[in-house]
Amino acid sequence: MTNRVYILHLWVRLWHWGNALAIIALSITGISLHFSDPNLPLVEFSLAARIHNVAGVILAGLWVVFVTGNIVTGNWWQYIPKPPGIIKRCLTQMKYYGSGIFKGEPEPYPPTPEVNFNVLQALTYWSIMYMVLPVVILTGLVFLYPQFAPDKLFGLDGLLPIAMVHYIGAAVILLFMVSHIYLGTVGPKVSSLFKMMITGWYEH
Amino acid sequence: MFSTINRKLRGAVALLALMAAPLAFADEPPPSPEELVKIQAANGKCLACHSEAGLKKPPKEGLDLKKLRSHLVHLDTYTESDHGQMACTKCHGDGYDEHPHEADAKDSLSECQDCHARKAMRIERQFDKSVHAENLSETFTCVTCHDAHTMTLAAKLRDPHKIVAQDNKICLDCHDSDLAFAKMAPDKKKRPPIDDIHDWLPNTRLHWKAVRCIECHTPTEDKLSLSHEIQNKDKAEKKCATCHSANSSLNARLYRHLATEEQNKYGFLNSVILSNSYVVGATRNPTLDMILIGLFVATLAGVIGHGLVRAIMTRLRRRKNHD
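Protein chains in written order, with my numbering: chain A, 1 to 204; chain B, 1001 to 1323.
With the rest of the complex left out, here is chain A:
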């Protein structure tokens, strides 16, 4: 018999998918803009620039929704790994991904309504959402309003460091997205966690 528990509220799921769509649009257009080549356009440059601008503003808005929603509902607590034994639980989780998962062992810290994420998830999500993404959004906004960028820095255009941080931060998010989508398949069934992300119910 399948047990199911309700884990994710509607607002978290709506935010998550909105965020996902925005990041996918930003990744495709961002890659197209950065590696722009007249002979090999992924998305035509001015179209890519417009999509990137709109999706970027949407992403910034969604980040505000995320932070506000977390404060109002108390959901922010989910992203804080709780002592004791944080490091030990990290190592157990890594060991599971490195070997236990291949042997068919059960997930050591499955999601519950009280604790949605294992320690690795909580730490990663917290870092991405509160450290990397704000930096990418802020530098992106400076890109949108370059008059706020420093005029010159070390004899070079002041937008250069902004662009570099934006590019590296975005690459980190892209790497996170690839791993995140893959780790979505490690539930009881390959589809379990994707289903949970849509319905809010975790089936095991």
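What the hints contain is simulated information worked out from the structure, not anything from laboratory work.
Each hint should be verified, as a subset may be incorrect.
[To be verified] Straight-line alpha carbon distances no greater than 20 Å define the calculated PhoX-like cross-link-like pairs of lysine-lysine that follow: (1) B/1090 <-> B/1038; (2) B/1188 <-> B/1209; (3) B/1235 <-> B/1129; (4) A/189 <-> A/103; (5) B/1233 <-> B/1190; (6) B/1162 <-> A/152; (7) B/1162 <-> B/1209; (8) A/103 <-> B/1320; (9) B/1119 <-> B/1090; (10) B/1209 <-> A/152; (11) A/152 <-> B/1265; (12) B/1057 <-> B/1067.
Place chain B on chain A using the hints.
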């Protein structure tokens, strides 16, 4: 008809001038310090009236101040300009020596091709194909755009910001002003609002501060200088990637005078542009790109490998349980 004959005549005159004077004025060496002192003293006499100070405190009574206002020269700008070491009388010859100037003095004004014969011939061919020649061939001359008292060659200015400011002002003085546009434009031709017709271009006004109108509105075939074939929207460049790419055409245009300098500052492509602008797609760092692409490929390979091992192990376990 007349304009064709006129143009042919002008071409013939220019050709004659070229043959008669192989060493044109434009190629003359700069004046010696002694000559320069004399030139400046002579120019001072002209500027006694033809300057802001002269307009405020006219040295003579009975001057037509309204007329004078439109014939002022800013000494510092003039001195910095390409013609800044030349005597006013080099171009303003007969009829300008005394005041009041002779009524027909304007007719004896030197023309640009008198000194720039070789250049004028090359430019004339380009200009004839331009949108300005198409619509305004009767009235459009060198000085419509190039004020001989202020122009400085891009090669001399070098700083792209200064080049952009100088050159875009020329275009925008007419194309961003209904009054100035109406003075030149054929009857009934209304000035298209400059922002509206460029609304496809993201960050329009920022582009105009960073690059020149002519980066997109001229073809690139001329290797000696940028072409004078100003093109309208049908022919103008609309592909962003022409500038926004590793092989950016900005190197052959705005940055042509700097492009021979160090090209690989901090390992960036088109690093000569970086001192003034960060151009998405053009000013990239291939080493950083390779590192990030490598990380992306490694992550992708990692998750695909992990997934494959998981799938194989699950299948093996199932088979084992079956047995």
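Hints, verified against the model:
no. : hint              : verdict
1   : B/1090 <-> B/1038 : holds, 13 Å
2   : B/1188 <-> B/1209 : violated, 31 Å
3   : B/1235 <-> B/1129 : holds, 11 Å
4   : A/189 <-> A/103   : holds, 15 Å
5   : B/1233 <-> B/1190 : holds, 16 Å
6   : B/1162 <-> A/152  : holds, 16 Å
7   : B/1162 <-> B/1209 : holds, 10 Å
8   : A/103 <-> B/1320  : holds, 12 Å
9   : B/1119 <-> B/1090 : holds, 19 Å
10  : B/1209 <-> A/152  : holds, 15 Å
11  : A/152 <-> B/1265  : holds, 15 Å
12  : B/1057 <-> B/1067 : holds, 15 Å
Hint 2 from the list above is the single one not met by this structure.
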